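**Student:** Spelled out, the chains give:
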Amino acid sequence: KNEVEQSPQNLTAQEGEFITINCSYSVGISALHWLQQHPGGGIVSLFMLSSGKKKHGRLIATINIQEKHSSLHITASHPRDSAVYICAVRNYGGATNKLIFGTGTLLAVQP
Amino acid sequence: DTAVSQTPKYLVTQMGNDKSIKCEQNLGHDTMYWYKQDSKKFLKIMFSYNNKELIINETVPNRFSPKSPDKAHLNLHINSLELGDSAVYFCASSQLGPNADTQYFGPGTRLTVL
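Those protein sequences? They're chains A and B, same order as listed.
Start counting the first sequence at 1; every next residue gets the next number (our numbering).
Start counting the second sequence at 1001; every next residue gets the next number (our numbering).
Honestly, the hints are just simulated from the structure, not real lab data.
Here the structure is a predicted model, which means the values were calculated and not measured.
Be a bit skeptical, because a hint or two may be false.
To be verified - Okay, derived cross-link-like pairs now, SDA-like style, lysine to any residue, Cα gap no bigger than 20 Å in a straight line:
| hint | chain 1 | residue 1 | chain 2 | residue 2 |
| --- | --- | --- | --- | --- |
| 1 | A | Lys55 | B | Leu1096 |
| 2 | B | Lys1036 | B | Ser1005 |
| 3 | A | Lys98 | B | Leu1096 |
| 4 | A | Lys98 | B | Met1046 |
| 5 | A | Lys98 | B | Thr1102 |
| 6 | B | Lys1009 | A | Lys98 |
| 7 | B | Lys1041 | A | Thr103 |
What the hints assert, rightly or not - Negatives, chain B to chain A, calculated, CB over 12 Å:
| hint | residue |
| --- | --- |
| 8 | Glu1058 |
| 9 | Ala1092 |
| 10 | Thr1109 |
Even for Gly, the Cβ is constructed at its ideal location relative to N, Cα and C.
This is chain A alone, in the form it adopts within the complex (with noise of 0.2 Å):
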């Protein structure tokens, strides 16, 4: 069983529509990240969290450390965000500062 479990894996959406893609975690952390890829390949980061709520345009990320949940929201959904959300946990301690990633979650909004 993966450390880092998201769901769910697939998610079609139509346009206008609140989205949630969650993120569970088995292992203690110091900070929590969600990232974005395109079609065309590239991740970009969204947030990093280590606790409460982030806002970010129409997306939101809200992390509970006790229950080791994290949950990503896309208010007002569009076609453009239609891409693969990947969770990824940063182990607590040490300063190696490595990522352990969930199985990301494919999401289409269609028009």
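Since chain A is already given, all that's left is putting chain B on it; use the hints.
**Tutor:** Frame of chain A, contents of chain B only:
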């Protein structure tokens, strides 16, 4: 200006060959990484260097040898390529520290071994 660049973008080669992928970052970061993304899009750390020193080596076959001539460059050399090495390889960089943890990824190198 490109923050993290990789060359080549595509690499097609025969089994048994030796090949290199180059990575450069102009962000002034201390730490650089190599990741492998398999056909199922799963990313996994291979190596990490901090100020030219190897700090992570994730049980990668010794056919893979990273080299960091300076902290802005991290190259990946692969000997005796195998079919299973076909993947997309991503270079990334970050500034170490709990509040400076964001990783910046290169565009990836798609390696196909025939």
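**Student:** Next, verify each hint and record whether it holds.
**Tutor:** How the hints compare with the structure:
no. : hint                  : result
1   : A:Lys55 - B:Leu1096   : 24 Å, violated
2   : B:Lys1036 - B:Ser1005 : 16 Å, holds
3   : A:Lys98 - B:Leu1096   : 10 Å, holds
4   : A:Lys98 - B:Met1046   : 10 Å, holds
5   : A:Lys98 - B:Thr1102   : 12 Å, holds
6   : B:Lys1009 - A:Lys98   : 25 Å, violated
7   : B:Lys1041 - A:Thr103  : 7 Å, holds
8   : Glu1058               : 8 Å, violated
9   : Ala1092               : 8 Å, violated
10  : Thr1109               : 10 Å, violated
Hint compliance for this structure: hints 1, 6, 8, 9 and 10 are not met, and every other hint is.
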